[in-house]
Each structure stands twice: as C-alpha cells, then as structure tokens.
Amino acid sequence: MPKIRSNRSAAKRFKFTAKGKVKMKQAFTSHLLSSKSPSRKRNLRGTAIAHKSEERKIKRMLPYG
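The C-terminal position of the sequence shown is numbered 140 in this note's numbering, with every residue numbered one higher than the one before it.
Simulated from the structure, these hints should not be mistaken for lab results.
Heads up, the beta-carbon is just placed ideally off N, CA and C, and yes, glycines get one too.
Some hints could be false.
[Unchecked claim] Using C-beta positions, here's what the derived DEER-type ranges look like: (1) LYS78 <-> THR104: 30 to 36 Å; (2) SER114 <-> ARG80: 39 to 45 Å; (3) LEU107 <-> ARG131: 29 to 35 Å; (4) ASN118 <-> MET76: 41 to 47 Å; (5) LYS132 <-> LEU108: 26 to 32 Å.
[Stated by the list, open to error] Derived pair list, reagent style DSS-like, types lysine-lysine, alpha-carbon separation capped at 30 Å: (6) LYS111 <-> LYS87; (7) LYS127 <-> LYS94; (8) LYS90 <-> LYS100; (9) LYS132 <-> LYS87; (10) LYS78 <-> LYS116; (11) LYS111 <-> LYS98; (12) LYS78 <-> LYS111; (13) LYS111 <-> LYS90; (14) LYS90 <-> LYS78; (15) LYS132 <-> LYS90; (16) LYS132 <-> LYS78; (17) LYS100 <-> LYS132; (18) LYS100 <-> LYS111; (19) LYS127 <-> LYS90; (20) LYS116 <-> LYS98; (21) LYS98 <-> LYS78.
I would like the entire structure built from these sequences, with the hints used as guidance.
Given below as structure tokens:
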C-alpha cells in the first residue's frame, strides 16, 4: 500500500496541539481593519482552535499529524 499524501495547503495552514486539537490563524485580520475597533483587533490576535466538525475534515487531509 502506498502512503497517503498530506494535503499541502492544509499542512501550511494548520498545526496540531499535544492533545490533538487543531490550531489555526485567526480569521478577519488581513484587511478592512480600519472599521474594526482596537479591542476587537486585539482579541483577534494569535491563534484559534478549530471546531469539532471542521477538525474531522482537517485530520483527514493531514493523516500523519
């Protein structure tokens, strides 16, 4: 049996935590920022954890973590 290939676009976007949750860059932070309040922009910093339903799809795209 050949190895399953990882989806390269998913590999660049997602990382796994030690417990197996999926970390990703927070959305809504790249442009159109002048209309967002400073507190909202501050809360959007850092990473987000993927929802359970999305987590299953991501793990299928990245079979080796």
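Looking at the structure, which of the earlier hints fail to hold? Per hint list: 10 and 12 violated.
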